[in-house]
Each structure stands twice: as C-alpha cells, then as structure tokens.
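S.K.: Listed here are the chains, written in short residue letters.
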Amino acid sequence: MSDEKKQALEAEIRSYVGKPIGPEVIGRDPVNEPMIRQWCDAMGESHPAYLDVDGAKGTVHGEIVAPPTMLQAWVMEGWDMHEGYDEPKNEQHRLHKLLADNGYTGVLGTNTEENYTRYLKLGETVKALTVIDEISEEKATGAGIGYFITTKTAFENQDGEELGSMSFRVLRFKPANPQPTASAAGGEEAVAQKPSRIKPPMGHDNGWWWERVADDGVIPIQRCTSCEKLRHPPRPMCDGCGHQGFDSIDASGKATLTTYTVVHYPQFPGYEYPIISIIVDLEEGERMASSLIDCEREDVKIGMALEAVIHEDDDGFKIPLFKPAS
Amino acid sequence: MTTLKANELETGQALPDLDFKTTTTVVAGGAIASRDYTPVHHDKAAAISQGLPDMFMNILTTQGICSRYVTDWAGPDAIVTRVKTKLGGPNMPGDTLKIRGKVLSTDGDAAEIEVTGNNAWGNHVTATFSLRLPA
Amino acid sequence: MPTTLHNEAAIAGIGQTAYSKNSGVSELQLATEAVRAAIDDAGIHPSEVDGLVTYTMDSSDEVEVARTVGIGDMTYWSQVNYGGGAAVGLITHAAMAVATGQAKNVVVYRALNGRSGQRMGQGVSGNIISSDLIHWSWYMPFGLLTPASWIALQANLYMEKYGATSEHLAHVAITQRMHAQNNPNAAMYGKPMTMDDYMNSRMVCEPLRLFDCCQEDDGGVALLITTPERAKDMKQKPAVMRAVTQASFEGQEQMTSFYRDDLAALPEMELAAKIVYEMSGLGPKDIDASCLYDAFTPEILMQLEAFGFCGKGEAKDFVTADSLTIGGALPNNTHGGLLSEAYMHGVNNIAEGVRLIRGESCNQPENVEHVLVTSGVGVPTGAVIFGQA
Ligand SMILES: [Zn+2]
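Protein sequences appear in the order of chains A, B and C. Numbering follows the numbering used here, in which position 303 of the first sequence is assigned residue number 521; successive positions increment by one, without gaps. Numbering follows the numbering used here, in which position 95 of the second sequence is assigned residue number 1280; successive positions increment by one, without gaps. Numbering follows the numbering used here, in which position 265 of the third sequence is assigned residue number 307; successive positions increment by one, without gaps.
Read the hints as simulated data drawn from the structure, not as lab findings. Even for Gly, the Cβ is constructed at its ideal location relative to N, Cα and C. Any given hint could turn out to be false.
Said to hold, decoys possible - Some residues of chain B that are not near chain A, with every Cβ distance over 12 Å (derived): (1) Glu-1193; (2) Gln-1198; (3) Leu-1245.
What the hints assert, rightly or not - Facing chain A, a subset of chain B residues (Cβ under 10 Å, in silico): (4) Phe-1205; (5) Ile-1217; (6) Gln-1248.
Said to hold, decoys possible - To list a few chain A residues with every Cβ distance to chain C over 12 Å, as calculated: (7) Pro-252; (8) Pro-306; (9) Gly-360; (10) Pro-419.
The shape of chain A in the complex, shown without the other chains (with noise of 0.2 Å):
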C-alpha cells in the first residue's frame, strides 16, 4: 500500500471513532422466567436467586434476577444473524468492510469488559447504545499487523436507569501466515488441526530411540558396540573410541531429579500448563530432559527419587515422563 493510500485508509478509519454504531438497541423480550431457564440450563447453572421464587428470596436479592453474564444476551439480534452481514447494517460493519477491502482480513476478539450495575429484574426491558470508543495505532501482533477496535455499550432500562457497560476489543488483521489460525475466521481454507506437542524428527540418528520408545515401551540408552560407553542424547559417533557401530540397553526407568523448571509462559498449543520440566539422572549414569507429571508443585525437591512412565498422548505419541517414585 502506498503511502498516500495508507494515509487516505487512517484518515477514513479515525472517522468512525466516536460514532454510534447505529440506533439504540431495544431488547426483543423484557427479562423473563422462560430465557433464564434455558440459560441457566445450557450453562449448568444452578443458582438459587435465578431460578425460583423461593430460593431466591433465601438470597440478597429478595426476588428472581437475571445472571449478570447474560446482559448482553437481552439485546442480541438473534435469529436475523444466521444470515451474516455481507451487506453492512450498520457503521461497525462498514467499518470492518472497509479494512477487510484493504487486506485486513482477520479478525480476532481479544478482550472484553462488562461491569454490572446492578442485577436485572423479571419485566425489565434492556436498552443497549453502541459506540465505536476506540481504534489503535497500526500494531504489530503475533496474528499479523492490524487496529485494535473498541467499542463501548451502555445498557440501561426502560426508564433510562443504567443497568451497566461493556467494552469489546477485537483485533483486524492481515493474517501473518496463510495457515488458518485457530481463532481466526473468514476464508475458504484448509481446516485446522487441534494441536499436539511438538513431535522430533525422525532421523537417521534419532528416530531409532523413538520408535523404540514407542514399540517397545523403554527407555533407550545408545551404547557403543566397541567400548561399551552410554551416550544420551543419541549421536553418530562414540565420544571414547571413535566407534561408530551401536546397540542400545533398556534403561531401568529409576531416575532422580537433577534440576527443573516450572514453565508457566509462553504457552504454547499442545501442551498443558503450567509444566514441570526436568532434567533427570537415569540409573545407569546418563541424564536426559523430561517433565514430571502425578507430582503437585511442593512435592518438587531436587534429588527426589523418580520413575519413568511411557505417556501416550490421544494423538498416539509416545514419550517417557516420570512421576514420582513409587
């Protein structure tokens, strides 16, 4: 893009800010019994104060209220939405239009903030104003570059009583990667993949170990065919004698803790956090990398006596973790 178009682009961009996304909202039902219910059951809620007249007068609130989450759910479009918004309906999607047109294709929600009045009353009818409050700097982001857009709602009731606020933040990007991200929509696309961790290369000099790993249940220790010494991580040539022929021995799987980590951030798909990474020493003398499951984070002292487990994720992989020492 040109830096003329760039500018003509921001210029336009900056004008939506401050602008009402189009008239006030008025919700289709007032709050009621029935749409509480079905939240209430869809969300496995099971509050007293929701749900019956009984209960809720044992609670603060005296009388029926509606969850404070579903505020929003008051003023949705509903059914009108199945059909999409090809054609913009109102200035937030001739906005997204606009930089969608000019390559900003991803969009992504990122934050929201909703604070609660109050709680809302069975026979209130909720009242929703949209505003475009927001829109950032050209960022850079993991997705791609692209505006933050944020827009800010107030609900209020039939009689102008301020029932509470909501901003929502969402990202419109140019997608850094042709891949599809897991939250980015829009294109007709190769489907994506739920996540695994991070599987080795099956080479010439490391895929043995996995697939005996993986065949035969063990932990494999390379051992050279000349000299006999171990070696871990698995490489081509004996650091003793120069012998490059080798076998393997079944390590014990009794182990202890050298040294670990609790990894926290990033985090990244396919795995679950937060992770005890570790480096143990196996009995035979090797040490290898692993991470340490069954185990509560204060249970974790450096030194203690652990065994190998053979993990099977719900991919199939096959890897040794440890766990504590029976």
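Following the hints, put chains B and C with the ligand in place on chain A, whose structure we already have.
M.R.: Here is chains B and C with the ligand on its own, set in the frame of chain A:
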C-alpha cells in the same frame, strides 16, 4: 447455602478445579440461550468453511460457565460487579475445558478472582471477576 | 605476524539505530543504517571498509549490506554461529582479519526485527532456522521450548545450591533498570522499577519472572574494527582489545549443556576468563567496569563467579552490596543492558564497552581503564577486555 466473606479469603487461594466437557449440545445450547445465532456457534459446516474443524463456543457461553464456576464456589450472595476477559483459542466439542481459579486480591468486601480456561488448543479464556461479598 | 590478539585491534567506530518494538522497516535497512553510522563515527569513507562480519542468524547478507552502504572491494567476510554467543565472536573474527592484514577496516553488525518479526523469546516452536533440529527435539516434545526454560533449569539448580533468592536476581534487574533511566535510547527509559514491581511481575519459568528476562526489540548495531595504528588517524578515541576470544567448553551444547557434572557453573565462561586474563596480563582487580551478557538475571551472578569477581556462590552477596552500580566495585551494564536498553543480541553491550573506554557512557564511572564485555550465556561464547590506547 452460605456465602464466603472477603476476610475469609487469602490471596493466591485456589478455587476447586472444574473439568468441563464440551459437547455439540453445550456449544449450540449456549449460543441459542444467549441469542447468538452466528452460524459458527451452531453449524459445523459453517465453522469448517471458515477453516476450523468444528463449531466453537461463543463468548457469552464461556462467560456464563465461568460466572457459575465462581459463584458456585463463592455462594449465592456473592455479587458479580465486573468481568474482564482476555480471549484465546477456540473451545470445541470434544475439548475438555480445564477451568481453574484463584483469589487475586481482596479489599474490604470486594475480591478479585482470576479464572483460566485451557484446553488442547491452549488458553481459551482468562477472566478476572470482581465480586462483592457479604461483610 | 602476531601470535595473539593482545593489542592488535581496536574498535574505532560504533553505530546504532533507534530501538523500538515495531521498526516498520526491513532488517537490511536497520543493518545498513547501523553500519553507515559506525563508519561515519570513525570518520572514514565506506569505500575504505574491506570486511564485514555478522551472525549466522542475521538476515542481511554481507554483499547486500556492502552494496547498500557503498562498501567497495572486500577481502574478508564471515558469520558467527550461536545467537548471542556470537557477539564477541564477531569482533574476534574482525580482529584476526585486521591483525593479519587480511583486511584493513572491518565492520561487524547485527540487526533484527526481534519484536515485530521473528521473536527470540518464542523459542524454537515456529520456523526453525537452526540446522540443529534434532538437537532441539530432545527438548521440544517435553515443553522446553524457550530460552527462558533452558536457562531456568540451570538457574534453579544454581540458586538452590548457593542459597540465592529472587531478591538477589531483583538487585540485578533493578540496578540495570536504574541505569537505563539516564539512557534516552533505552526501551525502559522513563520506566523505573521497584522491588514490588519486580516481585509482582509474572512468573515465566520458575525461578525466572518476566523482569528477569531481557526484552525483544527491533534495531541494529554495528562496530568498526581496525588496527590501533590506523585508529589513531580516525575521529574517535579507540577502544583497544587487550584480549579477545571465543570459548566453547567440553560438553558444550547450544543452550542445553545439561550433561556436565556441575550445572551450577559456566565452564565456557571460566575458559573465556582464563584466556582473556592470560592474554591481557590483567586480572579481575584490573577491571573497572563490565557489560556482562544479561539475557536473564541469573547469568550475571554466574558470570561474576566465572570471571573471579567473587568466589563460587558469593555472587548473591556481591550484587546486594550495590557493587554493580556506578559507584560500586564493578559498574555493570551502565546503559541498561539487554534487560533494560534493548535486546540487540549482545552487540549493544560491546558498543557500551567502547563508550565506557571513551568516557561517553550515559552513566560514566570515573577512571575507567579496562572494561570486560562478554557474549551469550549457555551457548558457545566469548569475552573481550578493552583498554585505553
Ligand atoms: Zn566407544
């Protein structure tokens, strides 16, 4: 049912774990209950055409489930005054949403609770609930 | 022909771009801007440069840089491997070239869109550039994917063995942040840090909090290396290399040297220390200031011990005595370092070493005769001691 008091809470205190099994019914039911008829939340074919393997949970359902997770623990007289959410990857049928919570801070009768929901895709949601608790 | 690099080469020019989170320009533009600035700083013409050295990880090829900057004939170029471990390696290669006459004036450079482009902190999960994919595969499946996670394994053991705590790490982070408050080029300029700020920063990989980790930035740095004789005729006061070396120790791996007996030490840094002290005839007592590589705070503690500024396990007491501040025993990373100035893969720490010799640091201690600068920790690395001409 009793409700916790703010001065009974300790910073860092954990809420009980909830492993929430996500099904097609839950995703579709939550979307319809929140009047969100966007096709990707109830129509698998629509989600596939957008590059995802299955329909995915809408934000209101995620918030509704997290809200009940917090008030199931805190008790019926805990008032939710604010929810801030940071949105991550999708939550789809077949995913177990591992919901965990902890007390971030307390101040008088107010408490801030952090809730995280993770699944095989990584972090689905991180939410901060502001509660007002009985004195 | 010289047989060591003692007093055989000097840094006569330094150049850098602004450091930012989104440069909005190509890495080649950053590289050439920094290279040109280093040449201008030395007061020579680009056509007088006949050698270039960069990182294997750098995306700007030597000939592309040469054509863009207007460098003419070249007789020497090379690239050094292992990320931040390459920093001192660049000037070692350049020093060898000028000392032997293979080249007269060599510019070394590193430029990266380290925040808006490929982010180092994201580790090895993305597009893996390294040919050493199988090496990483012994760690990736277990979730050990980032530099922080690899360093944390060693740091945790070190801290447990010697009783170092988060407070000790905090002293390193807070001191360098304080230094950055006088450095308008620093990313953390105008953002001082308290002990509470540090303690409240989120845990990344235990024991490392966010503020134990360096940043990710966009920018470029370049240095011009020549002989001390030629440097005399250039514009700036040169920083002469009293000693310079690369160092990789037995059992070395890239970030994962977990297979040695003592994980609570940095033997490659001990090797570098032995060589630079022998080559220079100097010892720890002669060093007036340092720029120790600081991708993560525990690395500073372990290096203080490796270079003999204190005994094994004593760094925790050394850092709490304000030793690393301007008036302390060893003013360290006076520009803010990788933690608080910018993550330029260590080359910005060498540039600060040169400024300390020139007397031009934003936090200049008095009477600086000798400055020690190191490169990456946990990788094949190197060290240099600068002295006055
Ligand atoms: Zn052998």
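S.K.: Now tell me, hint by hint, if it's right for this structure.
M.R.: Evaluated hints:
1. A cut-off of 12 Å between C-beta atoms confirms that B:Glu-1193 is not in contact with chain A; the least separation is 17 Å.
2. With a least CB separation of 14 Å from chain A, B:Gln-1198 remains clear of the 12 Å interface cut-off, as annotated.
3. Residue placement check: B:Leu-1245 does not keep its beta carbon more than 12 Å from all beta carbons of chain A (closest about 6 Å).
4. For B:Phe-1205, the shortest C-beta to C-beta distance to chain A is roughly 8 Å, which falls under 10 Å, so the interface hint holds.
5. Restraint check, B:Ile-1217 versus chain A: the minimum CB separation of about 8 Å is within 10 Å; hint holds.
6. With a cut of 10 Å, the hint placing B:Gln-1248 at the interface with chain A holds, because the nearest CB-to-CB distance is about 4 Å.
7. Its beta-carbon lying about 43 Å from the closest one in chain C, A:Pro-252 satisfies the requirement of being farther than 12 Å from that chain.
8. Listed as a non-interface residue, A:Pro-306 keeps its Cβ farther than 12 Å from every Cβ of chain C; the least gap is roughly 30 Å.
9. With a least CB separation of 8 Å from chain C, A:Gly-360 falls inside the 12 Å interface cut-off, contrary to its annotation.
10. Separation of A:Pro-419 from chain C is inadequate, the least Cβ-Cβ distance of about 5 Å not exceeding the 12 Å criterion.
In this structure, the hints that do not hold are numbers 3, 9 and 10, in rising order.
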